[in-house]
Amino acid sequence: MKLKANIATSDNGFIFNPATGDSYTSNPIAAFILALMKTGKTDAEIKLEILNTYDVEATALERDWEDWMLQLKDANLLEAK
Amino acid sequence: MAALIDAPLVIGVTGLNATENPGPGIAVIRALKDAFPHVRIVGLAYESLEPGIYLHNLVDKTYHIPYPSAGSEALSQRLQAIQAKENMHLIIPNFDAELHNFIKIKAELKTIGINTVLPTHNQLEACSKPSLAVFGKQHGLNVPKSLSIFNADELYNAGDELNFPLVIKGKFYEAEIAHTAGQAQNAFYRLSAKWGTPIIVQQFIKGTEINVAGLADGKGNALSVIPMRKLYITDKGKAWAGITIVEDKLIAIAQQFAAASKWNGGFELELMQDKAGDLFIMEINPRFPAWIYLTAAAGQNQPEALVKMALGEAVEPLTEYKVGKMFIRYALDHVADVSEFQQFSAFGEL
Numbered sequence: 001m002k003l004k005a006n007i008a009t010s011d012n013g014f015i016f017n018p019a020t021g022d023s024y025t026s027n028p029i030a031a032f033i034l035a036l037m038k039t040g041k042t043d044a045e046i047k048l049e050i051l052n053t054y055d056v057e058a059t060a061l062e063r064d065w066e067d068w069m070l071q072l073k074d075a076n077l078l079e080a081k
Numbered sequence: 001m002a003a004l005i006d007a008p009l010v011i012g013v014t015g016l017n018a019t020e021n022p023g024p025g026i027a028v029i030r031a032l033k034d035a036f037p038h039v040r041i042v043g044l045a046y047e048s049l050e051p052g053i054y055l056h057n058l059v060d061k062t063y064h065i066p067y068p069s070a071g072s073e074a075l076s077q078r079l080q081a082i083q084a085k086e087n088m089h090l091i092i093p094n095f096d097a098e099l100h101n102f103i104k105i106k107a108e109l110k111t112i113g114i115n116t117v118l119p120t121h122n123q124l125e126a127c128s129k130p131s132l133a134v135f136g137k138q139h140g141l142n143v144p145k146s147l148s149i150f151n152a153d154e155l156y157n158a159g160d161e162l163n164f165p166l167v168i169k170g171k172f173y174e175a176e177i178a179h180t181a182g183q184a185q186n187a188f189y190r191l192s193a194k195w196g197t198p199i200i201v202q203q204f205i206k207g208t209e210i211n212v213a214g215l216a217d218g219k220g221n222a223l224s225v226i227p228m229r230k231l232y233i234t235d236k237g238k239a240w241a242g243i244t245i246v247e248d249k250l251i252a253i254a255q256q257f258a259a260a261s262k263w264n265g266g267f268e269l270e271l272m273q274d275k276a277g278d279l280f281i282m283e284i285n286p287r288f289p290a291w292i293y294l295t296a297a298a299g300q301n302q303p304e305a306l307v308k309m310a311l312g313e314a315v316e317p318l319t320e321y322k323v324g325k326m327f328i329r330y331a332l333d334h335v336a337d338v339s340e341f342q343q344f345s346a347f348g349e350l
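Chains as they are written, first to last, in our numbering: chain A, 1 to 81; chain B, 1 to 350.
To be clear, the hints were calculated from the coordinates, so they are not data collected in a lab. Check before you lean on any hint, since a few could be wrong.
[As the list claims (entries may be wrong)] Distance condition first, Cα-Cα at most 16 Å in a straight line; then the derived EDC-like pairs of lysine to aspartate or glutamate:
{"id": "1", "chain 1": "B", "residue 1": "Lys325", "chain 2": "A", "residue 2": "Asp22"}
{"id": "2", "chain 1": "B", "residue 1": "Lys230", "chain 2": "A", "residue 2": "Asp22"}
{"id": "3", "chain 1": "B", "residue 1": "Lys275", "chain 2": "A", "residue 2": "Asp74"}
{"id": "4", "chain 1": "B", "residue 1": "Lys275", "chain 2": "A", "residue 2": "Asp67"}
With the sequences and hints as input, model every part of the structure.
See the structure below:
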C-alpha cells in the first residue's frame, strides 16, 4: 500500500494531511517506516529493512504490519487501491 | 496601490466586536494594514463596548452608527455626516444584518465618493438561511434538507420530516442542536426571541467542519478561494483555531457558488464533510468571515483584492496559497481609560 502522494511527513514523525487538515505524531519506528514508504519502496522491501534494523521476529512483524496498515487506512493516509 | 489614488486611502469598516463570537472587522483591518500600511481606518460601531473602538493601533477613528433596525435613511444620514469629515474611499460592511441597508444606499454612497462591493438584494435573499435549500436545489449544490418555520407547532412536522437530531437556526445568527422535541422547542423560543422569525430547522449532518472564504467578482467568477479546516470549535460553533487545506472539491464548490449566484464581494461557505467524503453547504455567509486574516497569511489577501475591486482596478483570480497555515485565536484584556468610553458613548466618536 502506498501513502497518498500529498501527505507531508517530517523527520521527527509529524504527519500532516493537507486535504483534511488532520495531523498526527508518530513514534520513531513509525517515522522510520513512513520515511521508507515515502521513498516508494514496496511493502516487502520495507519489511526487510525493518527486520535488518530492529530486533523483531518476522511473524510478529507481519502481525504488527497489518495493524499499521489499518491505522494508516483509518487515518485516511493511504492511496485508494 | 499608491498609483490608484493620490490621497491616502481611507476605508470604513464595521464589525469591530472582537468578542468571543467575533465580527470580522478587526481581521479585515489587519489584512488591509498588511496590504496598505498607510491606510486610514475609520471604524463604524454600533455599541460602545466593541473592542475595535479602543484599538488605536488598528483603528484611527471610530464613529457610532445607528442599528440596522433604524433603517437605511438613518444610516445614510449618519454616513454622510461622517463622510464630510473623513472622505472615505470605500466601506466594507461586515455584518449580515446591516447588509440590506448598505445595499439599499449603495448608489447614494457612490455619489458622495464611497465605493462598496456588495451583492444585490436578490442575491442576498437567495443565499439567506431560509432560502438556502431552494438555492441548493436550483443550482445542484448539496444542501441539507431544511424548513423555515414561524411557529413552534411546526416543529412537530419538521421532526417527522427531517428526523432528530435537528439543527435549529436563528434567522441571522446562532444555531443549536436539538435531540428532542423539548430541546427543539426551547431553541425555537430562544432564537426567535433574539433574531425574529423565520427559524430554520435543518437536517443534522455529522462530520468535519470546513469553511471556505471567498471573493467573487459579480460576473460568476471566484477570484479567491481559501478552504480552512476548523481545529478548535467554541461552544458557539466558531473556529478558535483552523488550518488552510487543499482539496479540489472545496475550490470547485466555491466556484460553482460564484457562478450560480453571480455573487459580488466576500463570502463564506460553511461546509460539513460526512464520513463518506460528501460535502454539504450548511450556510452561506454574505461577507468575509472573522478568520479572514488567514487568507492574507496564506497568500491571498481577500480584503486587499476587494479594495482593488471597489476602486475599479482589475483583479486577476488568485490561485496559489500556502497549505498548512494556521490561526489560533486568543483573548486579550485591552486596557482603556473611562474617558475614552465616555467620549464614544456621549459623542458617538473616538
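Tell me the hint numbers this structure goes against, listed in increasing order. 4
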